[in-house]
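Top line first, the protein sequences correspond to chains A and B.
Using my numbering, you'd call the opening residue of the first sequence number 65 and step up by one each time.
Using my numbering, you'd call the opening residue of the second sequence number 50 and step up by one each time.
Hints listed in this document are in silico derivations from the structure and should not be mistaken for laboratory results.
There are no misleading hints in this set.
Here are the computed lysine to any residue pairs in the SDA-like style, where the Cα-Cα straight-line distance is at most 25 Å:
# : chain 1 : residue 1 : chain 2 : residue 2
1 : B       : K197      : B       : D291
2 : B       : K224      : A       : E115
3 : B       : K224      : A       : G109
4 : B       : K224      : A       : T195
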Amino acid sequence: MTPEADEMVAVELAINGKPTHLVVRPDETLLFVLRDSIGLTGTKGACLEGECGSCTLLLNGAPVNSCLVLAAQVHGGRVETIEGLAHGDKLHVLQRKFIESGAAQCGYCTPGLIMAAKALLDETPNPDEETFFRGMEGNICRCTGYTSICEAIRGAAREWSR
Amino acid sequence: MFSQPTTLEEALDVRARCGPDLLPIAGGTDIVVAMNRGQLRPAGFLDLTHVRGLDAVRHENGRYECGGAATHATLSRLPVEALAEAALSVGGPAIRNRGTIGGNLVTASPAGDGCVALLALDADVELAHASRGRRVVPLREYFLGYRKTALLADELITRVRFPKDWITAWYKIGKRGSVNISVVCCAIGRSPTGLFHIALGSVAATPIRAPHAEEIVNRDGLTDGAIAEAADAVRRDISPIDDHRASAKYRAAMSVTLVARLLRRIRDRVKEPAR
Ligand SMILES: Cc1cc2nc3c(=O)[nH]c(=O)nc-3n(C[C@H](O)[C@H](O)[C@H](O)COP(=O)(O)OP(=O)(O)OC[C@H]3O[C@@H](n4cnc5c(N)ncnc54)[C@H](O)[C@@H]3O)c2cc1C
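Please take these sequences and the hints and turn them into a complete structure.
Following this line, the structure appears as C-alpha cells:
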C-alpha cells in the first residue's frame, strides 16, 4: 500500500546532534523510522508494548519508549540513540563499564539499558538505591544478567560523580 | 492526516471539525500499544504533545489545575500523596514521561490508577468544545460504563482540578514493578471538613467511589469500630470479576483490607500535630 503523498508528514528533528529531515507516514513509530528509514539499528524493538525497555532512547533529554512514539510527534525534537554515545573510537563510560562487567549476554536489551542508565545518571549522577531502581525499572533483561548490569551502571556512576 | 496544533484553540478547532476521524494522541502509551498489536488503525491523528501549556500544572486558591496532557512524571512530583504515588506506579520512567492524565481518563480502564487517585480527591474534569465552550464535570459523574465516559467525540479534556491540601492515602496491589496493572487499587482523600472520599480500581466496570463505606466514616468518624464497619461495607460498593489477574473473591477480600488499612493511615495523619 503506497499512501498518498499528502498523507505523508514532514518532520524536522536532530538525531544525535545531526539536523535531519524526514518524510514519514502518520502511523510510523520512531523506532521503525530510525531502524528502517535511517539505518540506525542500534535501538531495538522487542515487545512493542512499552514493557521491556529495549527501544529506550532519549527525546529532549528524557527516556521514552520509541516503540510507542509516533515519528511525526517528534517534529522539532532532539533524539539521542546508542549510536550517539561514543566519540569516534572512544566509548562512553557506560559502554566501557558494560563491557568490563560482562553486562551484555545476547546484547539485545543493552542499548535500551544504557540509554535508560544515561538518563538516570544525567539527572542523578550518584543515585541512592531507590532512585537507581526507579530509574531502571522500565528495562528488562531475559538473559538474567542483572547483577553485572547493576555493577556496570554503578561503576559508571562512580566515575560520573568523580 | 496528521494534525499537530501548537495552541489549544487550534486543537479544539480541529477536534470540532474532524471529530473521531482524527484520533487525539498524547503519550500514545495506550493507543500505540493497540496499534502495534493490530487492534487499532486510526485514519489520522490529532497530536496533543505540541499544544503549549496543555502539559502544565498550576496552583490556585488551594487547588491544583493540571492540563489534560500533564504527564505521570509531572504528577509524580506533586505534593499530593495519593496522586503522586499513583502516577509513580505507572510503568517505568519512559512510560511516565509520555503517558498523560488525559489519556488515563479517556482510556478509563477499571484499573486506571490516575482515575482512582483523582476520584479520591473529588476532582473535576473540564471538557472543552471549540464553539460550545467548556463544561466542568465532577469526576464521580464522568465514568458512564466499561470504558465509557462523558467525553464527546468532538471534545478534548483540557483540565483537571483537584484540591491541594487534603490528607490522602493510596495503595495498589499488583504483580511487579513497572508492568503493574492493579489487582486492586484504593485511594482515600479526607477533606478539611472531615468528609471521606473512598475510591477503588479493578473491582467494577469503571473506577468507582464507595458510598456505603464513606457513609459510615462520615457519620461515625475514624473509631476502630467505624473503620471495621466501613471496610466491610465496601463489599456492597464493588462488583469484582474473576480474570487472569485475580479472582473476584480475592479482590473483595483485598478491598476490605485496603479500605481498613488506608483509613487507619489517615487517622494517624490526622492525629499528627500540625506543624
Ligand atoms: C508498560 C505500560 C505500563 C502501564 N502501567 C499502567 C499502570 O500501572 N496504571 C495505569 O493506570 N495505566 C498504565 N498504563 C497505561 C497508560 O500509560 C495510561 O493509561 C496513560 O495515562 C495513557 O495516556 P497517553 O497520553 O499515553 O494516552 P494515549 O495513548 O495517547 O491516548 C489514550 C486515549 O486518550 C485519548 N486522549 C488522550 N488525551 C486526550 C485529551 N486531552 N482529550 C481527549 N482525548 C484524549 C486518546 O484519543 C485515546 O483514546 C501502562 C501502559 C504501558 C504501556
